[in-house]
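Engineer: Start from the sequences, fold in the hints, and give me the full structure.
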Amino acid sequence: MLEEEEINERNRQIASLEQNDSLAKLNTDLETVTRSAEESITLFRLHLKKLKEERKHIRFVQTGILSATEFQLLEADLIKQSLRDKHELAVLQKDWKSKITAIQEQLDNYYSRISVLKEERKSKSALLQSRLFEQYVFLNKKGISKDIRSIFEDFNQSVPPAGAGECAAPKLLQYAFLNRLTPVAMAEFWWGDSPSSEIRKHKNYYPACKGKCEPILSHMLDGMLLEDNPLLEAPKAQADLEILYDDEDIAVVNKPAEFLSVPGIHIQDSVYTRMQAAFPEATGPIIVHRLDMSTSGILLIAKHKDAHKFIQQQFINHSIEKRYVALLDGVVKEDEGIIDLPLRLDLDDRPRQMVCYEYGKKAVTKYQVLSRTDGQTKILFFPVTGRTHQLRVHAAHLLGLHIPIVGDDLYGTKSNRLHLHAAYLSFVHPRTKKTVVFEVKAPF
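By UniProt numbering, the letter at position 373 of the sequence shown is numbered 373, and the numbering carries on one by one without gaps.
There may be inaccurate statements among the hints.
Here are the simulated DSS-like cross-link-like pairs (lysine-lysine), alpha carbons at most 25 Å apart as the crow flies [claimed, not checked]:
| hint | residue 1 | residue 2 |
| --- | --- | --- |
| 1 | 366 | 322 |
| 2 | 141 | 171 |
| 3 | 86 | 99 |
| 4 | 322 | 362 |
| 5 | 52 | 86 |
Okay, the calculated beta carbon distance ranges per label pair [what the hints assert, rightly or not]:
| hint | residue 1 | residue 2 | range |
| --- | --- | --- | --- |
| 6 | 32 | 191 | 49 to 59 Å |
| 7 | 187 | 380 | 27 to 37 Å |
| 8 | 374 | 214 | 29 to 39 Å |
Quick caveat, the hints were computed from the structure, so don't treat them as lab data.
Each residue gets a CB set at the ideal place from its N, CA and C atoms; glycine is no exception.
Structural biologist: In structure tokens, the structure reads:
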């Protein structure tokens with residue numbers, strides 16, 4: 001392919017320039033001359049400082065000895081010496097700057113040529129990628145073909161990420177549709193060790209990733225009889241949201257598991273909408289903090305902006321005390337400890353989080369074991385920070401406890417529910433300025 005040959009040629013040209021001995025020598029010369037200039041100018045400044053001290057001493061000694069006229073002549077001569085010294089310093093600085101500039105201009109010429117080649121490579125790579133995308137075609141049940149670029153553009157106006165279409169599910173479906181086979185069922189599981197940043201368990205089943213596979217599968221599965229997507233289904237009708245406390249400033253509720261704190265894209269029913277209906281006079285954001293949809297427990301509501309601001313500041317200052325109870329699917333050896341693993345969103349598989357020391361935000365969790373029974377551990381979590389899925393990742397990740405929470409469908413194995421409960425919350429009331437404490441026993 002012509003574009004590929006041109007890209008390879010640009011790579012060779014860039015490598016040739018970057019590895020050129022002349023470029024290396026120029027960089028070395030620039031460092032040497034810059035260092036010599038600094039040393040030379042520093043020494044000359046010290047010399048000028050010494051001359052200045054000598055002139056000062058002469059003035060001091062000659063004061064009262066020379067007549068006024070003679071002292072004026074001396075002062076004029078000393079000023080001339082000072083001006084001469086400043087001129088010599090300026091000349092020295094200009095000389096060194098000229099030497100440095102001469103080398104820098106040669107370097108800039110090299111780097112300019114490299115930059116032009118890289119821009120050409122980038123342009124040709126984009127063109128090649130576009131052509132490859134046009135040739136990367138996927139069939140669906142209806143027999144409709146669509147190239148991968150069009151699939152992603154139609155799905156969410158995005159560019160296909162690297163590796164899109166290389167997963168097992170699209171390849172198996174493509175084979176089936178090309179050979180007029182009818183897929184009956186499909187499930188993907190992980191085989192082998194977990195990557196260092198993500199959480200995968202050997203032989204555990206996982207859904208297709210959202211970033212790379214969801215757009216492709218949305219096209220390929222069009223026209224097939226499918227089970228309802230559980231992520232798009234509203235949870236079964238919940239009992240009335242239990243209100244633990246209610247006054248003119250705040251309310252405290254016990255959120256059930258599998259219930260949203262705030263409305264989602266497809267599901268509107270949430271603590272927020274319930275609180276709007278229960279307290280129509282409430283103003284401001286209402287929700288002060290959130291719990292994951294799968295997590296049950298104490299959630300704090302602010303009924304007006306002042307209360308919201310006052311309580312939110314406590315979260316920012318980490319002065320609010322929170323405790324979570326969890327049941328882990330394994331035995332934790334240590335009785336207590338601290339987990340410090342930075343987290344960020346997995347861009348290819350939202351809403352999963354991943355450990356990332358380069359771009360992740362600091363995430364710290366303290367823990368204390370409550371009991372160990374039948375190969376499981378009941379544990380208290382004290383989150384110092386409040387990152388998304390923090391406790392779930394810190395429990396499951398191999399650099400954390402390496403034991404997932406029971407029922408964790410993202411980082412462990414699905415069960416009747418996620419066994420994670422916000423059991424304790426302590427904060428200063430916005431009106432009374434007194435500490436208030438709420439506790440709700442874990443339902444497991």
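Engineer: Next step is simple, just say for each hint if it's right about the structure.
Structural biologist: Now for the hints, and whether the structure bears them out:
no.	hint	result
1	366 - 322	holds (11 Å)
2	141 - 171	holds (14 Å)
3	86 - 99	holds (20 Å)
4	322 - 362	holds (18 Å)
5	52 - 86	holds (11 Å)
6	32 - 191: 49 to 59 Å	holds (56 Å)
7	187 - 380: 27 to 37 Å	holds (35 Å)
8	374 - 214: 29 to 39 Å	holds (38 Å)
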